[in-house]
Amino acid sequence: MANMAQAIRLALNYSEKNLQLKDVFGQDVGAPLGGVFTATQGLKTSWNTPLDERGIISMAMGIAMAGDRCVAEIQFCDYIFNTIDLLKIAGNTLWCTNGQYNLPMTVMTPVGAGIRGSVYHSHSFDSWASRIQGWKVVMPSTPLDAYGLLLSAIKDPNPVLFLKPKALMRVRGDELIPGEPSDEKELKMRIDAPIGDRSKWKADWPQTTEYLVEIGKGKITRQGEQITVVSWGRHLLLANEIADELKADGVSVEVIDLRSIYPYDWDMIKTSVAKTGRVLIVNEDTEVTNFGEHLIYRVVQELFYQLLARPRLIAGKNVPGIGLHPNLEDATVPQKAEIKSAILEIIEEVP
Amino acid sequence: MFSSRLPLGFRLKNGAWGAFLSYSKTTSSKSNSAKAEAKKKSLIKMSSKKAPATAKSVKSSASSQSLGQLSDKTLIQMLDLMIKSRVLEERLIKIYRAGESYFWIGGPGEEAWGVPIGLLANKGQGVKHDFLHLHYRCTPTLIAMGMPMKDSIRLMMNRVTDPSTGGRNFSNHYCIPEMNIAPVTSPIGVQYGIALGTAHAQKRAGAKAISIVTGGDAGTAEGDFASCLIWASRKDNELPMLITVQNNYWGISTSYEGQHGETNIADRARGFNIRSRVVNGNDPVESYIALKEEMDYIRKTGKPSFIEAKVSRLYGHSSASGANLVTSEEDCIKSFSDKLVSKKIITEKEVKAIWSGYEEEALRATEEARGEGSPTSESIWDHVFADNENSDWRKF
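Residue numbers (our numbering), protein chains in the order written: chain A, 1 to 351; chain B, 352 to 747.
Simulated from the structure, these hints should not be mistaken for laboratory data.
Keep in mind that a hint or two might mislead.
Stated by the list, open to error - Under the rule of at most 27 Å between Cα atoms (straight-line distance), these lysine-lysine pairs were calculated in the BS3-like manner:
id : chain 1 : residue 1 : chain 2 : residue 2
1  : B       : Lys474    : A       : Lys22
2  : A       : Lys22     : B       : Lys479
3  : A       : Lys217    : B       : Lys586
4  : A       : Lys275    : A       : Lys217
5  : A       : Lys44     : B       : Lys700
6  : B       : Lys586    : A       : Lys202
7  : A       : Lys17     : B       : Lys554
8  : A       : Lys44     : B       : Lys559
9  : B       : Lys746    : A       : Lys275
10 : B       : Lys746    : A       : Lys22
11 : A       : Lys155    : B       : Lys586
12 : B       : Lys445    : A       : Lys44
13 : B       : Lys654    : A       : Lys22
14 : A       : Lys22     : B       : Lys554
15 : B       : Lys746    : A       : Lys88
16 : B       : Lys474    : A       : Lys44
17 : B       : Lys690    : B       : Lys700
18 : A       : Lys44     : B       : Lys554
19 : A       : Lys17     : B       : Lys690
20 : A       : Lys44     : A       : Lys270
21 : A       : Lys247    : A       : Lys336
22 : A       : Lys275    : A       : Lys17
23 : A       : Lys22     : B       : Lys651
24 : A       : Lys270    : B       : Lys746
Given only the sequences and the hints, what does the whole structure look like? Please build it.
So, in structure tokens, the structure goes:
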């Protein structure tokens, strides 16, 4: 099975061939490195930019304005903050021009902690992104979803932010991408750049086919009856693990992988919470004005009389950064034990 | 209508924008303006040695020998368009003063530079034509490209018929996809970066089209200006861009000296091996010839070029600073008009007729625009996403 970095690479290769993707660019995105997480190795259209995030976003906006499709990368979301007014403009261009100029551009950037990345390689951006109107925002938790969401992002006529949970870039899924060789070693041989001299290396791309994950649609990854856990990205996998462990103890947890932050799958959340009466939102962006608070607001507004317990949010602590020492990082971003305890507490709560 | 609820002058004294600045270039010391004017002339004189200009492709009469050998027809056309743009801007200011609009910002005084850009651009839609990334003093360029006066007035009066924004944005924030006019933004400088992308796509298309970017001198302090110089000049990856700065020596109320250590802004481009020159942007002939030479160079080589145009700012920054006429700076229309009259290319009577004709047109357009509809409250959700896909979370 492909890991997420390979899945992204396959999606970009498919898009170069079939979706008129003309440019994939960013810092270290082109040869020889092919991205700090190797997600852009071997592509025909990839190129390296100056170390200038504002230039990268501006370039993407201009390319999109000219009508070409592009994928721009900000190497880590920690460095996207100096582009935020450009992201605002990219998001409001269609609206400000009364529908005249749409910007079909995709920006991808690694997010979140989990690799001991210290203060400036651990930020999250999902809650920030939810406040930049005019953008669609997606975040996969599996390689197959990464492939399907990225194809949808590139096809979309709007700007789409594709958030890559960096701690999952080497994690393999349990579903093949359509056209992917079933042998992991074969895939590696064909599309992973060799160590050392790469000047003559060319990828031998498998013929993957179109597989789309619709933006705005979540996925129920675990069926359950007693509580709904809504998460995305890295913490979705933790939620799955916890649901599996609790199932052995007779606790039934429904897990929703939101996949799209905006637009989001309210129907799926509403149906699930109406059934369970209990909800926990989990993500690692900081907790004050966290996107999960919006979801809880809506749960309270629309499902108040069906709730059996107070809705809860577990998110990153509201501190300026994520410290390097494991004691600091682990105390800052949600941990498995904390999530598990919260699930049990909510289930035991009596109205 | 706005004017029926608030008395004339209310917004100037107490409105959100009127309160912003009680001072302006018009109220700042005249000696500063005169000093800036003297310095401007001195710097242009210095730079002109580096860029002797001739236009070879235009016919001239004996009377226009000292006017860059441009034909009488071109000279009169430029004067006509400059007057048209000025009349329009002054009409926009009157609309603001009458309480029929909330804010004015524009480019009166910068016509001698803006009109030639519009005349020389390869007009059309798509990568085979020039893209124009303009700032909010670009009315002269768009008038020269054929924008009807009424469309600017509709934008000023927030009419639903405003073809640029549908009543959503300020005056001079134009957007005309049919002519590759990229949306004008309020944040200054961002257009310098966005132009890189259209230039990149044009280079790929290989049609000799270029991206033209304009901005003010104050906006060159933004990082996007530096980004533009860096990305446009990368070795073997140069971009077909005409990078320009309209240096009117002011950034709202900050003087040139308050921001710039460099002698000329054009000097910065030279540091990136970008061909660069300074022109007297109050002279439409010098501007026309310089623009044509640089556009030809870019189309031929695929490489960027840079022009800094020294211009006047005749009505201050915006309505927030009063939008009053400055008399201490050169009025490029008066200078050019006097020159053409003295050379008997046009008569004073003909010049007056141009003014009065456009004044009538602007007044008529205002009356027509006044009667057009307003955007509806329900329309706020329109065009958040393409094809009007729902973006209201209440309906997810």
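Do the hints match the structure? See the list:
no.: 1; hint: B/Lys474 to A/Lys22; in the structure: 25 Å, holds
no.: 2; hint: A/Lys22 to B/Lys479; in the structure: 17 Å, holds
no.: 3; hint: A/Lys217 to B/Lys586; in the structure: 45 Å, violated
no.: 4; hint: A/Lys275 to A/Lys217; in the structure: 19 Å, holds
no.: 5; hint: A/Lys44 to B/Lys700; in the structure: 64 Å, violated
no.: 6; hint: B/Lys586 to A/Lys202; in the structure: 25 Å, holds
no.: 7; hint: A/Lys17 to B/Lys554; in the structure: 21 Å, holds
no.: 8; hint: A/Lys44 to B/Lys559; in the structure: 24 Å, holds
no.: 9; hint: B/Lys746 to A/Lys275; in the structure: 21 Å, holds
no.: 10; hint: B/Lys746 to A/Lys22; in the structure: 34 Å, violated
no.: 11; hint: A/Lys155 to B/Lys586; in the structure: 32 Å, violated
no.: 12; hint: B/Lys445 to A/Lys44; in the structure: 56 Å, violated
no.: 13; hint: B/Lys654 to A/Lys22; in the structure: 21 Å, holds
no.: 14; hint: A/Lys22 to B/Lys554; in the structure: 13 Å, holds
no.: 15; hint: B/Lys746 to A/Lys88; in the structure: 23 Å, holds
no.: 16; hint: B/Lys474 to A/Lys44; in the structure: 33 Å, violated
no.: 17; hint: B/Lys690 to B/Lys700; in the structure: 14 Å, holds
no.: 18; hint: A/Lys44 to B/Lys554; in the structure: 17 Å, holds
no.: 19; hint: A/Lys17 to B/Lys690; in the structure: 60 Å, violated
no.: 20; hint: A/Lys44 to A/Lys270; in the structure: 43 Å, violated
no.: 21; hint: A/Lys247 to A/Lys336; in the structure: 15 Å, holds
no.: 22; hint: A/Lys275 to A/Lys17; in the structure: 44 Å, violated
no.: 23; hint: A/Lys22 to B/Lys651; in the structure: 24 Å, holds
no.: 24; hint: A/Lys270 to B/Lys746; in the structure: 13 Å, holds
Hints 3, 5, 10, 11, 12, 16, 19, 20 and 22 from the list above are not met by this structure, while the remaining hints are.
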